[in-house]
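**Student:** Quick note on my numbering: the sequence shown kicks off at -17 and runs consecutively.
Among the hints, a few may not be true.
Label pairs and their computed distance ranges (CB to CB) [stated by the list, open to error]:
(1) 79 / 10: 45 to 51 Å
(2) 4 / 63: 21 to 27 Å
(3) 88 / 10: 29 to 35 Å
(4) 21 / 85: 21 to 27 Å
(5) -7 / 96: 37 to 43 Å
Read the hints as simulated data drawn from the structure, not as lab findings.
Note that the structure is predicted; figures quoted are calculated from it, not measured.
Glycine included, each C-beta is placed from N, C-alpha and C at the ideal position.
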Amino acid sequence: GTSCRTSVSQFGREAFTWLRVKACYRLDQSPGMLDDNIFTFLEVRPITGRTHQIRVHLASLGKPLVSDSFYGTQELEAERQWCPRLFLHCSRVTLRSADGRVCCAEAPLSSDLVA
-17 GTSCRTSVSQ FGREAFTWLR VKACYRLDQS PGMLDDNIFT FLEVRPITGR
33 THQIRVHLAS LGKPLVSDSF YGTQELEAER QWCPRLFLHC SRVTLRSADG
83 RVCCAEAPLS SDLVA
């Protein structure tokens, strides 16, 4: 397939993401990890719907998602030791059908992402 890497740019389309800190964690120093081994668990709501919006916005803030091979950091291999996949989970999605009915689906955090 074709890869489509996006970025924050003054020439790009507007995109808005709402963030709320739910918790902060510090991991013990692991091989390959830099000194900044503090991780933040966020509730995130994309207000607009751009390609890779959550991943791009967090990476542009210098805080990419854990194990993000596309927008992540040089610590990818060390992160994959304790989180082998992209740490991104959709806990709730709400849609409106063509006839106006609202449908909401919820899912708990996947067991492979729970400490």
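**Student:** Hints first: check each against the structure and report whether it holds.
**Tutor:** Status of the hints after comparison with the structure:
Range check, residue 79 to residue 10: about 48 Å between beta-carbon atoms, so the 45 to 51 Å window is met. Between residue 4 and residue 63 the CB atoms are about 23 Å apart, so this pair conforms to the stated range of 21 to 27 Å. Between residue 88 and residue 10 the beta carbon distance is about 33 Å. The supplied range of 29 to 35 Å therefore holds. A hinted range of 21 to 27 Å for the beta carbons of residue 21 and residue 85 is inconsistent with their spacing of about 33 Å.
Between residue -7 and residue 96, the C-beta spacing of about 40 Å keeps the proposed range 37 to 43 Å intact.
Checked against the numbered hints above, the structure violates only hint 4.
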